[in-house]
Amino acid sequence: MKKNVFKRFAAMSLAVVMVTGLAGCGNGNEADFTLEPGDPDDLPDEISLMADTIITEENGLQDFCDEYERQTGIKLSIEKPDHAKYYEKVTLSFASEEPADIIEMGSTYYPELANSGALWDMTEAWNNTTSNCKNIIDEDYVEALKINGVLYGFPMAAGNGTITYVRDDWMKEAGLSNPKNYDEFLTMLRAFKARGQGTIPLTSSGFLNNGETPYDIYLREFYQDAIPDFYKDEETGKYVDGFAQPEMKEAIQRLRDAYQEGLIDAEIVTNKTSTCRDKLGSGLVGAFNYWAGMWSLKLQRSMNEGQLKAIPPIEETGGYTERVPTAFAMSIYAPNKGAIFEHFLMFSHDGGAGQMLFTHGVEDKHYVMNPDGSATALPYYSDPDNTVEKSIYAPELTITEWNDPIPLDPMVKDSLEEFRKNRVFAKVPIVRDAIAENLADLNVVKDVVMANAVTGKTSVDEAIEYYNTKGSYYANAILEDLNSEENLKAEEEALAAATGGSASDDEAAEE
Amino acid sequence: MANNNDNFDHVIVKKPSVGQRMFKYRYFYLMFIPVAIVLLIFYYWPMLGIRYAFSTFKLKQITLRTGPDYSIGLGNFTRLLSSDPFHAAFKNTIVLSFVNLVLAMVCSVAIALLINEIQNAWGKKIVQTVLYLPHFLSWVVAASIFMLILSAGTDATGADTSNTGFINAILLQLGILDKPVDFLTESKAWPTVWYIMNRWKETGWGTIIYLAALSSISPDLYEAAEIDGAGRMKQTWYITIPSIMNTILVVFILNLAKIMNVFESVFVFYNSLVYDVSDVIQTYTYRVGIVGNDYGYSTAIGLFKSVVSLILVSSSDIISKKIRGYGIV
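Chains as they are written, first to last, in the working numbering: chain A, 1 to 511; chain B, 512 to 840.
Careful, some of the hints might be misleading.
[As the list claims (entries may be wrong)] When the alpha-carbon atoms are kept at most 25 Å apart in a straight line, the in silico DSS-like pairs for lysine-lysine are as follows:
#1 A/K279 with B/K690
#2 B/K571 with A/K457
#3 A/K365 with A/K390
#4 A/K146 with B/K571
#5 A/K470 with A/K249
#6 B/K690 with A/K193
#7 A/K421 with A/K298
#8 B/K602 with A/K457
#9 A/K232 with A/K489
#10 A/K489 with B/K571
#11 B/K816 with A/K457
#12 B/K571 with A/K89
#13 A/K470 with B/K571
#14 A/K298 with A/K390
#15 B/K699 with A/K470
#16 B/K571 with A/K80
#17 B/K690 with A/K85
#18 A/K272 with B/K699
#19 A/K172 with A/K413
#20 B/K699 with A/K85
[Claimed, not checked] Some residues of chain B that are not near chain A, with every Cβ distance over 10 Å (derived):
#21 S594
#22 Q639
#23 V692
#24 A700
#25 G740
#26 S783
#27 L784
It is worth saying that the hints were derived from the structure and are not from the lab.
Backbone N, C-alpha and C fix where the C-beta goes; we use that ideal spot for every residue, glycine too.
Construct the entire structure; sequences and hints are all you get.
The following block contains the structure:
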């Protein structure tokens, strides 16, 4: 009898523990917050920042915060989680009801968080600001971050993109100039192949860059007008599955022909980007599409011999793709939003002391000013062999016109100039529940289709048939949701609201 | 003469109550309190998270602090069980892990027996060190090594790209192959290569527990067997293996509980040409979790995995009890 009583007591205790647990982690309460910007001159005592790509603690992060406080009178607290767990920490910070005021957002998570309602709409604040940033910024970068006309984050720096690097010395030896079109591009690759044993005319890592959009960024010469993703057809106003379009079949055929001719690295399916860089460094590779800017210098330095150069895009591609910029977004729970916008975001792009701090760090700690007005970067505290590249904003990816006292390396400058002359901005990835539920499975089908068709394990037609059979379930679910009346109308309304009109106004005008 | 025990037949020994026993051992319970708290907080409290498997719980619910929506019921499990990629991943997980587990057991026991036969102490230590070393390499490094040595080294036209791995080079020299094979992109070859990589990395480490078990066998048994005329093979078969059978069984059942957790070794080694034989539940969950931020669905997959592991362990324990008369649970 007593044993039973004990058992009952134990069971009840466990139940109480579980119920308490459920209550503790349950539905939560919607916290109090306002979406109003407040008075921009109402200085906050403290601003909290969660960031990933900033100078590390051992290299003077606290010096950065101290200098920010000295210049603005606002205390800055920065959390820099481990890179691999950054977005997990961002999500957890919302779950624990303590998100930072300002949060760094990459192009994949920016629309996710914006769509989830976690980020403050700063469109109006941007439109109304009188800061110097407005005069010196390249507004294309701000526009690139708008989702249906709404700005949820401010660009930290250019999104940058990839550009095709080729062996200039091999080009000269073959008497070739920069390829202007696809035929000339193939001629160049054939000339590289003709160099003989060991040469890899072009290397890459996989056929689709499934890690983040745009998926076709590393093989633009072959994809050309094909888009292996969902996009809105401007003519019909409806979304289409780019992978199922005829242009995609042609792109697969081009890749297959080049691969079968030995112009593309046979190990493209198993290559990692690091493997490609190693192959380039060992002098085996003729062409490699990789990031513009600092990487041009790093790739060149990794090579034992030979000279790299960045070439303009071939005409069929319509340009190189610039990624959606990395942004500083503001949590909806941040206080004094208008003031934080002015005294943090605008201050960081002011073309003066703020920009210098956010780009090169603290004077005499991270750089020194020279008598002639130029500056010299100092070595990292923890790595005396290398000098500080940036505090937060990469200097080579600046989005403002300002006089940076630390000049860029000519090779970095050249590759970026070539890239920017020919850039086409990528669109912010679309975020919908149907995409979240189906995209992972669909991307696997795409990967399988591309790999099998290009390496010759199946024909292109068989691959397309496979996609239509295995991928259509997921693709149709996504399209159905994207093209639903409710979604299209919501998009229209959001756009109309952001541009000052309304969907009904437009309809009336059409009538 | 009456049995002395008969005098106590009428005595009923009253078992102390739970309260009395707890009071008697009160200091033990006191010492157990910190352990119980740690167990509750770090092991049982997180288990409450399994309720999300029965909910729609996505990023939006976290950021807006609205909490999970439980109206979905078993919806996540319905989605899971109707997903073709999940079926494929489940099958691959079972096949790859189970074969790997059996190979691990056989290879580790065999190597342990061979190491045990080495008489020279220095030689034994050197062999053990060499065998243990690969365990300390990360899976990324192990995969890179295998990619290098297995490289076909030719382009699609068959032209040499001067980086043929030594396995292909040897097979070509011996005339076993007439042209290089890219083992890592062939669905038929990939599982075998993956098993070999796993055994190369982990077999040495797996021998430790068996070597410990072997050292506990009484030398008297071998002496007696020798006197009876048993050779090395018979001694191994009739003395050594039965003596370490309990250890083998325990290790097997414990490892069986982990067979659904295979991830890193596959993740760094698979590619789009071999998804059909290499995609496992953990890699599938990783993709769904990263792309979808679908915590409800990911938790449902995790719960499903745990249930399967529980069934596997319980079944093997029951089978062990039936065959050998004892299990470990």
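We went through each hint and held it up to the structure:
1. A/K279 with B/K690: Roughly 23 Å between the alpha carbons, so the hint for A/K279 and B/K690 holds.
2. B/K571 with A/K457: violated, 42 Å
3. A/K365 with A/K390: holds, 12 Å
4. A/K146 with B/K571: holds, 19 Å
5. A/K470 with A/K249: holds, 16 Å
6. B/K690 with A/K193: Holds. B/K690 to A/K193 sits at ~20 Å (cutoff 25 Å).
7. A/K421 with A/K298: holds, 22 Å
8. B/K602 with A/K457: Distance ~23 Å between B/K602 and A/K457 Cα, so the pair holds.
9. A/K232 with A/K489: holds, 14 Å
10. A/K489 with B/K571: holds, 21 Å
11. B/K816 with A/K457: Distance ~33 Å between B/K816 and A/K457 Cα, so the pair is violated.
12. B/K571 with A/K89: holds, 15 Å
13. A/K470 with B/K571: violated, 29 Å
14. A/K298 with A/K390: holds, 16 Å
15. B/K699 with A/K470: holds, 22 Å
16. B/K571 with A/K80: holds, 23 Å
17. B/K690 with A/K85: violated, 44 Å
18. A/K272 with B/K699: holds, 22 Å
19. A/K172 with A/K413: holds, 22 Å
20. B/K699 with A/K85: violated, 36 Å
21. S594: violated, 7 Å
22. Q639: holds, 33 Å
23. V692: B/V692 clear of chain A: closest Cβ-Cβ about 12 Å, beyond 10 Å.
24. A700: holds, 13 Å
25. G740: holds, 56 Å
26. S783: violated, 4 Å
27. L784: Given a closest Cβ separation of 5 Å, the condition is violated.
The structure fails hints 2, 11, 13, 17, 20, 21, 26, 27 (numbered hints given earlier, in ascending order).
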